[in-house]
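Enquirer: Heads up: the protein sequence lines correspond to chains A and F, in order.
Residue 1 is where the first sequence starts when you use the numbering used here, and the numbers rise one by one after that.
Residue 1 is where the second sequence starts when you use the numbering used here, and the numbers rise one by one after that.
Because the hints were derived from the structure by calculation, they are not lab data.
Just so it is clear, CB atoms sit at the ideal spot from N, CA and C, and this is done for glycine as well.
Here are some chain A residues pointing at chain F (derived, C-beta under 7 Å):
1) 314
2) 492
3) 494
4) 495
5) 498
FRET-style restraints, in silico, Cβ to Cβ:
6) F:53 x A:124: 51 to 61 Å
7) F:231 x A:170: 51 to 61 Å
8) F:66 x A:326: 51 to 61 Å
9) F:66 x A:6: 49 to 59 Å
10) A:193 x F:53: 37 to 47 Å
11) A:180 x F:144: 24 to 34 Å
12) A:415 x F:86: 27 to 37 Å
13) A:326 x F:210: 51 to 61 Å
14) A:321 x F:144: 15 to 25 Å
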Amino acid sequence: MTLATFVIQLLNGLAGASSLFLVAAGLSLIFGVTRIVNFAHGSFFMVGIYIAYTLTESFGRGSALGFWASVLAAAVAVGALGFVVEILLLRRIYKAPELFQLLATFGLVLVIKDATLAIWGPEDLLGPRAPGLRGAVSILGRPFPEYDLVLIAIGPLVLGLLWLVLNRTRFGVLVRAATQDRDMVAALGVNQAWLFTGVFALGAALAGLGGALQVPREPAQLFLDITVISDAFVVVVVGGLGSIPGAFLAALLIGEIKALCIGLGDVSFGGFEISFSKLTLVVEFIVMAIVLVVRPWGLLGRPGGEPRHAAATEPPLRPLHGYLKLAAAGLGAALLVLPVATDGYVLVLLIDIFVFALFAVSLHFLMGPGGMVSFGHAAYFGLGAYGAALLVLRAGLPMETTIVLGPLVALAGGLLFGWFVVRLSGVYLAMLTLAFAQIVWSVAFQWDSFTGGSNGLIGLWPPAWLASKSAFYHVTLILCVVAIVALRHLVFAPFGAVLRAGRDSPLRADAIGIDVRRHQWFAFALIGGFAGLAGVLHAFSKGSISPETLAIARSVDGLVMVLLGGVQTLTGPVVGAAVLTWLQDEIARRVEFWRAILGGVIILLVIAFPQGIVGFIRGRFMREVT
Amino acid sequence: MTVLQVEGLAKSFGGVAAVQGVSFAVEAGHLLALIGPNGAGKTTCFNMLNGQLAPDRGSVRLDGREIVGLKPRQIWRLGVGRTFQITATFGSMTVRENVQVALISHHRRTLGLWPRARDLYRAEAEALLARVGMADQAERAAAVLAYGDLKRLELAVALANTPRLLLMDEPTAGMAPRERVELMALVAGIVRVEGIAVLFTEHDMDVVFAHADRIIVLNRGELIADGVPAQVRADPRVQQVYLGGGTTFGHG
Numbered sequence: 001m002t003l004a005t006f007v008i009q010l011l012n013g014l015a016g017a018s019s020l021f022l023v024a025a026g027l028s029l030i031f032g033v034t035r036i037v038n039f040a041h042g043s044f045f046m047v048g049i050y051i052a053y054t055l056t057e058s059f060g061r062g063s064a065l066g067f068w069a070s071v072l073a074a075a076v077a078v079g080a081l082g083f084v085v086e087i088l089l090l091r092r093i094y095k096a097p098e099l100f101q102l103l104a105t106f107g108l109v110l111v112i113k114d115a116t117l118a119i120w121g122p123e124d125l126l127g128p129r130a131p132g133l134r135g136a137v138s139i140l141g142r143p144f145p146e147y148d149l150v151l152i153a154i155g156p157l158v159l160g161l162l163w164l165v166l167n168r169t170r171f172g173v174l175v176r177a178a179t180q181d182r183d184m185v186a187a188l189g190v191n192q193a194w195l196f197t198g199v200f201a202l203g204a205a206l207a208g209l210g211g212a213l214q215v216p217r218e219p220a221q222l223f224l225d226i227t228v229i230s231d232a233f234v235v236v237v238v239g240g241l242g243s244i245p246g247a248f249l250a251a252l253l254i255g256e257i258k259a260l261c262i263g264l265g266d267v268s269f270g271g272f273e274i275s276f277s278k279l280t281l282v283v284e285f286i287v288m289a290i291v292l293v294v295r296p297w298g299l300l301g302r303p304g305g306e307p308r309h310a311a312a313t314e315p316p317l318r319p320l321h322g323y324l325k326l327a328a329a330g331l332g333a334a335l336l337v338l339p340v341a342t343d344g345y346v347l348v349l350l351i352d353i354f355v356f357a358l359f360a361v362s363l364h365f366l367m368g369p370g371g372m373v374s375f376g377h378a379a380y381f382g383l384g385a386y387g388a389a390l391l392v393l394r395a396g397l398p399m400e401t402t403i404v405l406g407p408l409v410a411l412a413g414g415l416l417f418g419w420f421v422v423r424l425s426g427v428y429l430a431m432l433t434l435a436f437a438q439i440v441w442s443v444a445f446q447w448d449s450f451t452g453g454s455n456g457l458i459g460l461w462p463p464a465w466l467a468s469k470s471a472f473y474h475v476t477l478i479l480c481v482v483a484i485v486a487l488r489h490l491v492f493a494p495f496g497a498v499l500r501a502g503r504d505s506p507l508r509a510d511a512i513g514i515d516v517r518r519h520q521w522f523a524f525a526l527i528g529g530f531a532g533l534a535g536v537l538h539a540f541s542k543g544s545i546s547p548e549t550l551a552i553a554r555s556v557d558g559l560v561m562v563l564l565g566g567v568q569t570l571t572g573p574v575v576g577a578a579v580l581t582w583l584q585d586e587i588a589r590r591v592e593f594w595r596a597i598l599g600g601v602i603i604l605l606v607i608a609f610p611q612g613i614v615g616f617i618r619g620r621f622m623r624e625v626t
Numbered sequence: 001m002t003v004l005q006v007e008g009l010a011k012s013f014g015g016v017a018a019v020q021g022v023s024f025a026v027e028a029g030h031l032l033a034l035i036g037p038n039g040a041g042k043t044t045c046f047n048m049l050n051g052q053l054a055p056d057r058g059s060v061r062l063d064g065r066e067i068v069g070l071k072p073r074q075i076w077r078l079g080v081g082r083t084f085q086i087t088a089t090f091g092s093m094t095v096r097e098n099v100q101v102a103l104i105s106h107h108r109r110t111l112g113l114w115p116r117a118r119d120l121y122r123a124e125a126e127a128l129l130a131r132v133g134m135a136d137q138a139e140r141a142a143a144v145l146a147y148g149d150l151k152r153l154e155l156a157v158a159l160a161n162t163p164r165l166l167l168m169d170e171p172t173a174g175m176a177p178r179e180r181v182e183l184m185a186l187v188a189g190i191v192r193v194e195g196i197a198v199l200f201t202e203h204d205m206d207v208v209f210a211h212a213d214r215i216i217v218l219n220r221g222e223l224i225a226d227g228v229p230a231q232v233r234a235d236p237r238v239q240q241v242y243l244g245g246g247t248t249f250g251h252g
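Next up, chain A with everything else stripped away, as it sits in the complex (with noise of 0.2 Å):
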C-alpha cells in the first residue's frame, strides 16, 4: 500500500465515521438519561436515510440549499417519529424492568420495518448526489470525493454543538444530570416525562440525520436497521455508555480501522495469506472484545451509578405443585402419541417448537438464575449446529454420535468466550456476547471452503430408522424433555442456588466463601452445550444450516421467547417459545406484512404484561401468601 493510498483510506474511515458518530451519539444519549437500550435506534437510520431519498428526489436535485434543506427536514421528520413513538410507547413501560423497554423497541424494529416496506417497496433506492459537491478534489494525485470532505466536516461540528447544548443549556444541564443520577433529578422536581421525550426525539434525529447525510453515498435498504444498530452498539460501548466525546472517539476509531481493513486488502505474512477486507465484518466486534476486557466501561466511560430501585426480586422458587406435575406429565404422555393422530406439517411444527423451547429454557437459565443477560445466544446453538454438521460432512461420523459430540462442541466454546464474559456485567456483558456471536457468524458466513459461507451446508440427514418424520419427532420430543427437566432440576440443585446468590448479591456470595465469577463461567459453558444440542437437533430436522441459524435474529428470538414467557418464571420460557414459533409459522405464512403483525403484537403483550404471559398469569391466579 502507498502513502497515498493509506491517506485516501485514512480520509474514507472518518468520512464513514461521522454517520456512525451521529447514530451512536443518539444512543447513547437515549440510553444515558432514560436508561433504555433502544433496538430501534437502526430503524431511525434507515428511515432517515428514505425519508431524505424521497426529499432529495423531488427537491435536491437542482439546488445545494434543496438538498441541504431536505437532509435536514429527514432529521427533523424522524425526530418527530421518536416524539410520538416516545409518548405512545416508552412512557407507559419506564416502570417495566430494562428488558421488557428492550423487547417493546425490538418489536418497533420489525413494525418500522414493515412500514418502510410498505410506503418505499422493496428496491434499493440510490437518492441525487449533493449539488455542487459531485466532483472530486485530487489529494496525493488521488480523487476523493467532495462530499466526503463535507461528511468528515460533520462530524466534530456536531459533536461542537451536542457539546454546546449540554454544557450550555438548561435542557443539557438536566440531560448531564440525569445520566449521572435520575432519581434526583426527579426529587429536584424536573418534569421527567418531557426531558425523556426529549431526549429521545434528539437522538432519533441525529439518527435520523446519520441516515440522511448517507443518502448519495449508499443506497436506502431494508436490512440496514440492523446492521446500523449493531454497529451503533459497538461504538457506544466501546466509548462508553453515555459519553458523546467517547462515542466520537470510539466511532474515529472504528470507522478507520475498517477502512484500513479493506486499504490492506489480502496480505501475505511469511507465507501466510490474510484477508483484511473479508475482517472488516468481524473487526469492530475484534475491537469491542479487547475494549471490553481491558477497560470494561468503554473508552471514555464511567462505571455507572447502580440504580437505586433494581428490578422487583423474583419470589423464591418452589418445586412444581403436585397437581401441575401431573399436568406436564400428561402433556409429555399427549405429545408422545400425537404423531399416530396427525399429518406432518403439524410434526414439523412441534419439532420447531422443542428445539426453540430447549433454547429458550437455555437462554433463560443465564439470563434468570445465573444473571447475566446474553445477546448472542445464536452462537451456541450454531456452533452445536455447525459442530455436528461438519462432524458428519467432513468427518463422516453417523448422526447419532455427533448428538453427543455437537453440543460438546457449544460447549467449548462456552468455555472460552464465557471466560471473558463474566468478568464483566450487565450491559457491558450483553454486548460482549453479542461480540462473540458475530465473530462466530462471520467466520462461518466466510470461510467458504470450510463451513460452506453463505450458502451453508446441506445434505444433513439422519439415519434410516430416524428418517421417518414421526420417528425423529419422537427422538427431538425426549431429548428436548430430558434436556429441559435437567436444567430445571439444576436450578434447583446446589450449583443453581449457588449461582442465584451470586445473582442476588455478588457482596454476600464473595462474603461466604463463593467464588461467584468461576461459578458463572462453568454455567455459561454448560449452557452453550444445552444450546447446542438444540442447534444439533434443528439442524438435522432441516437437513441443512446456513449462517441464518447463528445470526442476530436467532439470538433476538431466543430474548423474545423469554421475556414473552416471563423471566422470573421457570416454565415462562417454554410456553414463549411456542407462543413465538406458532406466531412466526402462522403470520409469515398467511400474511404479507407479517413482522409488523409480530411487532404489534410484541409491543402489545410487553404494555399489557410486563411480567411475561407465565408471569402474569401466576400473578394474577396464583398470589402467593406471605
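Since the structure of chain A is provided, determine the placement of chain F on it from the hints.
Expert: Leaving out everything else, chain F in the frame of chain A:
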C-alpha cells in the same frame, strides 16, 4: 487468646491518609468496638481486615496467620464471618435457603448438580436460625423481611462456618432503639458462649458501652485511645473528639 492481631495498618487515597499505622488485637470471646466520628477511617480499616481493600502497609494476622493479600472469600474460609452496614442477603430465597447456601459453601458442595439445595443441611440451618430467633420465619422470602430481621438473618449466615472472628460493620444501623439493644445482647450471648472474637463499628454509644469489652477510638486515621469502656469514657482526647474541637475545623 488473641484471634486477630493488627499491626501498623495504613492506607492512603491520593494524598489523604485514611488510616495511619493502626494496631490492635481482639481476644476470643471478646467484643471490641471500633468507634470514631464520621470520616475517621473506620470503614477503610474494616475493609482492609476482610480483604476488600489492600492496605499500603501493615499486617493482619488471624490466629497468627498473615491474611493481607487474601480475597474476601479466602478469608471467610479461614473462619471470618461478616455482616454489612447495609444488609446483603439473597432476596429471591427463603430465610432458610439463605443459611443453606452458606452451609453448602462451607461444606464445599457449590458445584453439586444432583441434590436439591433446599434439602441440604436443613437441620443445621434451622438450628442456626433458632439461635438468632428466626426459626419461625424460615419459610419467608428474605426480600420481605423487616430490617431488624434481616440483620438477624445476616448474623445466622455469618455464623454458618463456625467462625473464629466476626466482623460487624455498624450492626445496629437503621434499627429502632429497642431492637438495637436486643440484637447486640444476642450477639454478645452467642460469642461469649462459643469463644468467638468480635470486632464491630458502631455509632450508637449506648450499644457500645453496654456490650464492648474493649473500645478503640479512631480519629482522622489515627488510633487515639484503646482500653476498657471506663478508660475510654474518661479519656480527654476522646471527649474532645466527640464533644467538640478537632473534627470540624482541623486545628484541635
